[in-house]
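Peer 1: The primary structure of each chain is shown beneath.
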Amino acid sequence: MLSTLKAKFMNLLVLYFGCLEYKRMEKTQEKFDRPQLLCAPFERKDLIGIDLDSRTNRKKCTGRLKKHLADLSLQVGLPTDALAQYSQAVDILRGCNDWLWLAACYEGLCSTSVMLLYPHLFRNNVLQRYSSLGVGGSDSCPGTKINPNKVRNNPSSNSNSLPVGLDPSLPKQTSKFCLSPDDIVEKYKEAIVHYSKYRNAGVIETEASIKAVHVLIEQKRYLLAAEFLSNVVFINLQLSDEEKIIRFNALSDMYNQIGFHRKAAFFRRVAAMRCVAPQNQDPDWCQCYKLLLLTLDGYRLSLDPALFLKEGRPGWPALQIQILQELVGTSRRMGEHGLCTRHQAFLLSAMLPYFTLQEKHDNFKMLESVSSKCGSGPSPLVVADSSFIIPPVNFPNIPLCRYVRVMPPSKERQVELRDKLLVEDPGPFIFSPFQSIITTSKVAGKIDCEWVEGDICEVTFAFVNPMYIQLKLNNMMLITEGVEFEAWTSTVVIEASPEAQMVILRGRPQEPGELRILGYSFSLLGVASNCKFKSMSHLKVPFYSLNVVPALPCVQIFCDSSSSETGLVSDGALEGESKVCVTLNAGETHECNIVIHNVSSQSVECVEVALESQNEVEGPDKVFQYSLENLRAQLPIAPGGRASLTLYIYAASEFLLPGYSIEDDGMFSLMSGSEPPSLISAAPSSLHSRQSTIMSSLRGRKANRAHSSASNASSKSGSSVRSGSSVSALAMSSINASTPMPTTGLCNRTLEGLIKLSYTGGRGMENKYWRMADIGISVEVAPSLLVTRWDALPAERPNQCYIVLDLLNSASNEMDLQYTTNKHILMQGGESCRVPVPVDRCPLAKINERVRNIRKNISKRNADGEVSESEILGDHVASLVELRWTLGPFDTPGRASLKSLTFPPQTHHLITMAPVHWDVSLNGQRVENGSENVGKIGEAQRLVIGVSNSSGDALPPLTIVLTAFQDHQNGTQNYRLEAKMASTGATKFGVPKLAPEESYSHDCGLIFFTTGIYKIEVSGSPSSSSSTPYGNFQCSSVCVPGDHHSKTNQHYHAWKLAPPIEISIVD
Amino acid sequence: MAVSLTIIGKENSPLYIWMDEGRDSLQLQYLAHTGLDVIQEKISVGQKLPGDSRELYLGLLYASEEYKIYGYTTNSKIKFIVITDVTNAALRDNEIRMMFRHLHSIYSTVVCNPFYVPGEKISSQ
Amino acid sequence: MSAAEDVLFELLHMEIVKTFTDSKDKDDAASKLEYIGFTTGYRFVERATRETNRFKDELDIMKYICKVFWVSVFKKEIDNLRTNHQGVYVLNDNNFRFLTRISSGKQYLQYAPRFVTFTCGLIRGSLANLGINCVVTAEVSHLPACKFQVQVQRG
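Residue numbers (UniProt numbering), protein chains in the order written: chain F, 1 to 1067; chain Y, 1 to 125; chain V, 1 to 155.
Here are the simulated BS3-like cross-link-like pairs (lysine-lysine), alpha carbons at most 25 angstroms apart as the crow flies: (1) LYS768(F) / LYS446(F); (2) LYS10(Y) / LYS63(V); (3) LYS176(F) / LYS189(F); (4) LYS67(V) / LYS147(V); (5) LYS220(F) / LYS189(F); (6) LYS1015(F) / LYS936(F); (7) LYS63(V) / LYS77(Y); (8) LYS472(F) / LYS373(F); (9) LYS189(F) / LYS42(Y); (10) LYS220(F) / LYS56(V); (11) LYS77(Y) / LYS67(V); (12) LYS76(V) / LYS56(V); (13) LYS540(F) / LYS121(Y); (14) LYS63(V) / LYS42(Y); (15) LYS411(F) / LYS446(F); (16) LYS56(V) / LYS10(Y); (17) LYS220(F) / LYS77(Y); (18) LYS75(V) / LYS147(V); (19) LYS75(V) / LYS18(V); (20) LYS77(Y) / LYS56(V); (21) LYS77(Y) / LYS42(Y); (22) LYS42(Y) / LYS56(V); (23) LYS220(F) / LYS42(Y); (24) LYS75(V) / LYS63(V); (25) LYS532(F) / LYS360(F); (26) LYS197(F) / LYS244(F); (27) LYS23(F) / LYS8(F); (28) LYS1015(F) / LYS980(F); (29) LYS147(V) / LYS18(V); (30) LYS290(F) / LYS373(F); (31) LYS121(Y) / LYS360(F); (32) LYS472(F) / LYS532(F); (33) LYS63(V) / LYS76(V).
In case anyone wonders, no lab produced these hints; they're calculated from the structure.
Generate coordinates for the entire structure from the input sequences, incorporating the hints supplied.
Peer 2: This is how it looks when you write it as structure tokens:
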């Protein structure tokens, strides 16, 4: 079929060629003396009345014939002949001012030369483009954007397509008439000038111009080409509207070819406007629309908002707005409301920065009205009967997103990765001063927080309304990528205020992994808008990515207030972050039940509890106690289930308030160093009656001393304390006077604690993710019992001493205080009293050990060692004394601690055990404390003095001296017993060095000659007083030092047996 | 007197537009806009016409039936376009050239103004 | 510029350098100095090229920088310009003005970079306004000579 057509076509061509050739031959042989005048159709009417026989006319005829012959030569493929004939014709016609035909000759000359010089011209798609002119420029594949470079670089320089014998180098040699490239342009110009002289030659003038342009394009002389083209515009042609459109389109195409895209767009737009000109009877809106779309390139407009905004808005805004408005109008006239809405939306969004406020409003109203007919979806629209695709329009700037905050989970929902490998990889650090060029290629948008699968997550946006019109954003939601995410839609109203407004978009990740938040979508006035961060250059990040961790349980933690007692307030229990407030008396213990409620769909399988406290004085362990095992036994906590943790709160406080007492006027009386202060000032008289033990020696007031010692003596039989020892008591009563402690015990103080619960479960646990919950506990401690003063006194038993405490009930309620296992007193609110507490003395070994430890750890000086010794003793006493009380109407129990009690050095010997232990027997009978020994005159009383080392260290050799005296029971003592007593055996003897626990005993005998009460003092001192490594062991309570002792230097030491051995000698 | 004056930035966006009162602003802007094609062609690299003086003044870009469009470019690729009436005989090539030079000197003063960020629209009050 | 202006310019530059290198964030000092140079160059070249004919090409611009521009800023021409014709230009100034006040020898060599940073920016800014985007680095191997390398960023 095709081949026959081809064959027939070839046949036709051959016939046609034969025809032409015949005509040419005929003309060549035609006589030139009488040629017929050839003329153009419009010239015929001019022929009337012209002298046909004139010389000029004859030349004209000859020239025109020559030109015709040249045409024929050219048509039959004889360009060389044609060139020569054209040249001859030019010469002839120039002489007779036949401008029209002269121009035609020039054109022929040019064409032939072009054929020879640029044989490939018009042989490819350029030819097609040219031929398309006749059909109508609108079919020039609109989808393909005309790339100037592509067209320009299209000089099909493949000389292979040359017909044989038409080598470009040939014409120069074969024809002297062939024009040079520059001459071609010149001659074209001349031809056009001549054509322009004829009103009816507009079409051929246009043709010649366009041919010239093609040649100039081939020569890459675009500026000159532009000149020719702009000349074309001026040619006045009588054309129909359709022809005008075709003409402008052709011009536009030509301009595109020379790279003048703005010009091309201009003429394309002119063509488009022609389609719908007011005088046009049959306006073709559709064609106009398509032509307008073709102009966009020239105005640097891209209907893809992302692309358009990215290019930094080049172009000419006023013209861009114009063309967009024309698109809106045209599409509306076409009835394409979808397109119309889309264009109007784009106009508003893209040109927003160039609009005045009024224009913004107008365009917004316009969008409102057009979108009411048809909205704009998120998918591209295809223009009917064409390949144009109008991409969806977004509103990345209406409203304008100022910033984005990907919200981490709320505090109680935050997760923590345990056992994570801390890989710190900061990467190679390259310093460059050229930051503006070298963009920092850090991973932008990586959010350092973790969302949890199944939890509600939030992203906060700050929006600014550039429109000053209230914007209603429907179906607003997040656009995400990566793991599955259930984005929740919401309707947001952005008020017409210039302030940034916060919008929160929520969603729920459905699986663990990396989630990328790409942007948000909404619908404004029916225009669906997908705003991606990557198209918003001011946000700096293309997307936000974060990690979604596997599902984890979530608990609420609160204090079960129903089970708790009075004084407990739990606020915000359901908010997750709760705080419990308790008011307790100092020393009281409270039990509170902390409930852990699993509010998630995952079960809690593992918990850890930690305690944090801001208290400096008491460690948190002392105040708060709980049983983790108990809680763990309740695991797992099923979804919706509860577990409880019992918390024991001990209202720890400082019970020691030295130097404080309630005076009559209620003033504080702090000790001053000048006068030994009184332990009790204005002691209530009732105190005495309750006192069951020695108090007198502590009486500070000198005025009272006589009375008190008397009362002491009378009230307490068998008291072994000499009245004289009150001096030492005076000296040592300056308890802790050096640093007055703050009166913390008096006012309410608050203990803060934080129970931190870490828990995990579900799949999150497998990935070692944990969650935290905490509950704050605030304990307000009301004052209860206070120890205002304390002292140590010797007790009846050698292995004990009395700790005497002045106590103050600083609470307002009555207090029942139990201070030993079987003794208790009742104290009214604000009342104070004094109690003695018997305490086992501190073994020396214990002190030694502690001191050694301290010395080992810190190379402390001796003085510091002593300080620590007083602390050791304090600890010792505190561990033994327990003050239990019940208070108030509910008999609230509590206990006070004597922690941080210290004793001055003077009292140390009372509290510590003596290094020397006396073991005395008289007449084979052990001398007990206070036991009565009766002897007869003249009988030898056998006295065995046993000394043993109880210090835990080796004792140096000692010298023991026995001194006897007679006590007349009236205050006088007679030491001159030479006539009343004789002794057998030494009364002064040496004891060798004693290892720990080693003992030595000495026998002697005493014979008394008169009756009476005799006493024997036993005292020992180191044999060589200079070397006393036991200086630390000052004294012990059994060995009451002499009066002088506490005042002398420490080198002198003596240990005495106290009380002295008493022997009543009777007849 | 010129009809319109436009300063166009490196990226071919107008920085400053002045129009004679009462003229069709949009039409003049179309003229200036299309004039850019000619300027671009004239200053494009590789365009080495023998007669090219490499002057900053680019001369007449083109003429329409009513107007003449003149162009000028700075070395920093800022373009100035001046449009005159075709009928205006008082403005010859030399006058236009002087006008452009004056404009260039004003523009360079603007650039040296610390409050002006190069590339932004020029506004004056 | 008169002699007084010459000295003023040098002193001003010295003070600017000092101000930035003494400031807290030393890391930023170089980039700030460079930026000052950039904006200065960008604005200055607008004015300086007012009477200059249109440049033919990149090399033409580089020649302008080496001759007219350098003379107007530093009162001397660049001593040597080399290029690989692939966008790398090396400008040698054997007696760079901002380094002439520093005693030669090794003593202050380590401080030399801060005195050439501004000029790097100056070159970059000028070229940027003339349509050449580039990276400018400087190298001082012995005072007071300085070598500026311009690496043009294509595309």
